[in-house]
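Asks: Below, each chain spelled out in residue letters.
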Amino acid sequence: MNIRCILICLSMVAMNSASADTIAITGATVHTVSPSGILNNGTIIIEDGHIIDIGQELSVPEGSTHINASNKIITPGLFSPLGEIGLSEVGAVAGTNDATQRGNEFAASFDIANAFNPRSLIVGISRVDGVTRAGITPQASRSDSDGNSSHVISGLGSVVHLGNEPGFLTKRGAIVVVNFGESGSALSGGSRATAIQVLKSALNDAIDYRLNKAAFQRGERRAYSVSSDDLEILGDVLAGTKAMLFRVNRAIDISVVLTVAEDYGIEAIISGGAEAWMVAEEIAKSNVPVILDGINNLPNNFERINARLDSAKLLADAGVPFAFGAGAQTHNARLITQSAGNAVANGLSWDEALVAVTLRPAEIWGVDGSVGSLEKGKEADLVIWGADPLEITSYPEQVFIKGESISMQNRQTLLRDRYLQVPDEKPPAFISINN
Amino acid sequence: MQIQKLSVLSIYAAFLITSCETQNDSTTNPFDSTYRALPSEATILRGGTILTGTGARLEGTDILMRDGIIIDIDKELDTTDIDVVDVHGKWITPGIIDVHSHLGVYPSPGVRAHSDGNEATAPNTAEVWAEHSVWPQDPGFVAALAGGVTSLQVLPGSANLFGGRGVTLKNVPGQSVMQMKFPDAPHGLKMACGENPKRVYGSKGRSPATRMGNVAGYRSAWIDAVEYRKKLNAAKKGKGEPPKRDLKLETLAGVLDGDILVHNHCYRADEMAVMFEIAKEFDYTIAAFHHGVEAYKIADLLRENGTCAAIWADWYGFKMEAFDGIRENAAILDRADACTVIHSDSAIGIQRLNQETAKVMGAASRVGLNIPAERAISWITSNAAKALGIDDVTGTLEPGKMADITVWDGNPFSVYTKAQKVYVDGSLVYDRENPSVNPVTDFSLGTAAWHGGAQ
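Note that the protein sequences, when read in sequence, are chains W and P. For the first sequence, numbering that gives the first Met the number 0 gives the first residue as 0, with consecutive numbering after it. For the second sequence, numbering that gives the first Met the number 0 gives the first residue as 0, with consecutive numbering after it.
Hints listed in this document are in silico derivations from the structure and should not be mistaken for laboratory results. One thing to keep in mind: the hints can contain errors.
Unchecked claim - In silico DSSO-like cross-links for lysine-lysine, where the CA-CA straight-line distance does not exceed 30 angstroms: (1) W:K284 to W:K312; (2) P:K279 to W:K425; (3) W:K312 to P:K279; (4) P:K279 to P:K235.
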């Protein structure tokens, strides 16, 4: 009976995987997260994976698949800004994890996109809860049993979509991840200052390398602290074509990031930022965005001693752009809406909270030209909700990624549907689940 | 009923009662509770939406508490000479209870010097007591209070087959753990299945290195406990000398006597089924399986054994035995009438057990299971109290129960709702609108939490 209900619920939305077809979604309250604001009784026309028109009182094109979403809410697809979706399956099973390199062989050039698995179970789990794009970021590991730890510069982060289209990369290598603060200290020799010096040395090397590439290739240049592959990537950072994401929490460490970024002309992103609220004015002046964990309010360590639940509101008041990452970034990337909802409970406006899980992360990753909001010409990532998307009890009724209505089934729903059935004389292994 | 405002006298009376009890108890057992209810006034919470924890939802109803006890719940109670708090539009629930916390034993800041939760030196450390590790200055207690938590069980970690005794606390920061101990609450015994013990000890080249090694370890320990208990009981009947006190065996014998409740960390359904066999073999009961990521696969078995499943809403995939976690776990258990509890195991999660519960409600409604608020609340109140063996005194809003009460500024299962006032034994210990009421641990002085920002 429950299975039947699921099918009925889904049939509300015509399943149509032929992306060449035109789809018209009508009747919903559409949060465009664009200058058009909220469209009551809005219509969205999708073709070839893109929004070809959006507005009120649009006519439904002839021959299109019509989805009546009256009384529903539509938002842009959720954008998880950080984590290891597609790079991890089971946290404690080493063979399923590809986000971390141990040893200092690579720094900025370590490119996790090469290991991304679009068929990861976590892709299927995350998107059913509305996550359509994800930033994937390399992790850092302190000493393993062989004494290998990662470089202060972890490597390249990319943006992926969680849809079915084979070209899963939205943007490869958009940012370079750097660890400062306590983790930077642990990775670099025992002081925050060493982490800063490691980065500065590498950046100085990149400047030297850029000016003396030919000499370097002839072997007539001094030794550099990182490989030439790394220096090429750092050159992009210095040229402003890649951003640099700093994992940092303590207020003074954030100030240091701002100074380093200014000195080297780097486009910086703060990740973590537990004490960002204390230097919010300074951050706002530099127009550096912050990726916040919205609910982690405890002093887990001394660099988070002033963490607080209303950080987002304080950053918003100061004019700092910010996005929400979930505390459990990979398996539960879907919880970014909980972070956003709690920020609203602690003073942030609802509209700003929605921006912080859609458009803002797209801007931070430099892909807001194609995703993050519902606008003509953008890729059609959108979520149809039955109720307030930031509310805990709400869930997507249908998710579209690049214009395609994705399957709302995943390994978790299969388990659910098997065990929702009332047990009979045969073990559950004999219970078939509709495909 | 005529209710007089005799607050000073009633506080004094309460003081006398608690101090007498304390004196009696402390002559018998070390580390006994010296908890005393903080001063309180007789108070009526006027006109709220009450989720009683017994399955009822009462609209526009009053609660009278006096001397730390719930006296009456009814409409339009006589307010003559009693402090009245208008809670129209607010929701009232029993104080939230977390059956699985490591506050105090893994406190904030989580530095190595504070890592006091896992005596990971032998697979059986039934002799250790979590309360001897609890740091009452953990700022996490206060953050949990802001989340409406009035009682919690602090457990040792899960490195060992037998991790030691857990302790149930009133969430009122004190100077010592004794001052926080929930009076007369039974101890818990933390046991652990699966990956953790076999990984911790297998990697040291010793048993257990496998799940079968785990089971051999439990059974060997229970065999020793049975013998120890036999000697104790014989000595009580004048047959022979009592054995030399053995802290480890005292704990295990306490389980066999029914005085200590087994709280068994166990993820997989098949392992829980095996643990039931061991309990049968040695004639003890399992109060609760903790984490129970696969509990939904054996909902009927749990109900039949009267064992609670204390679980997360949505944790999965962080290790192999958590691979099959689904958000509907609690919903499937509850549908089968198994004792369902949502726990935190997290200093962050404990602040929002209401939201964790709401996650399950949302996932359940997705498949047509509608769980009303008055039922769901039992997962974090009355069922939790049952798992801890304190349901005779707290966990529901009923006359005669401790006045452990959380007032919410709306439906507690909304993300926008926050605990507004928290009463423990009738005393207002947290008030979002009046921070001067709220405790601040020594550690938090001068930090954001001190300014109320962390809550």
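Asks: To test your reading of the hints: which numbers does this structure violate?
Replies: 3
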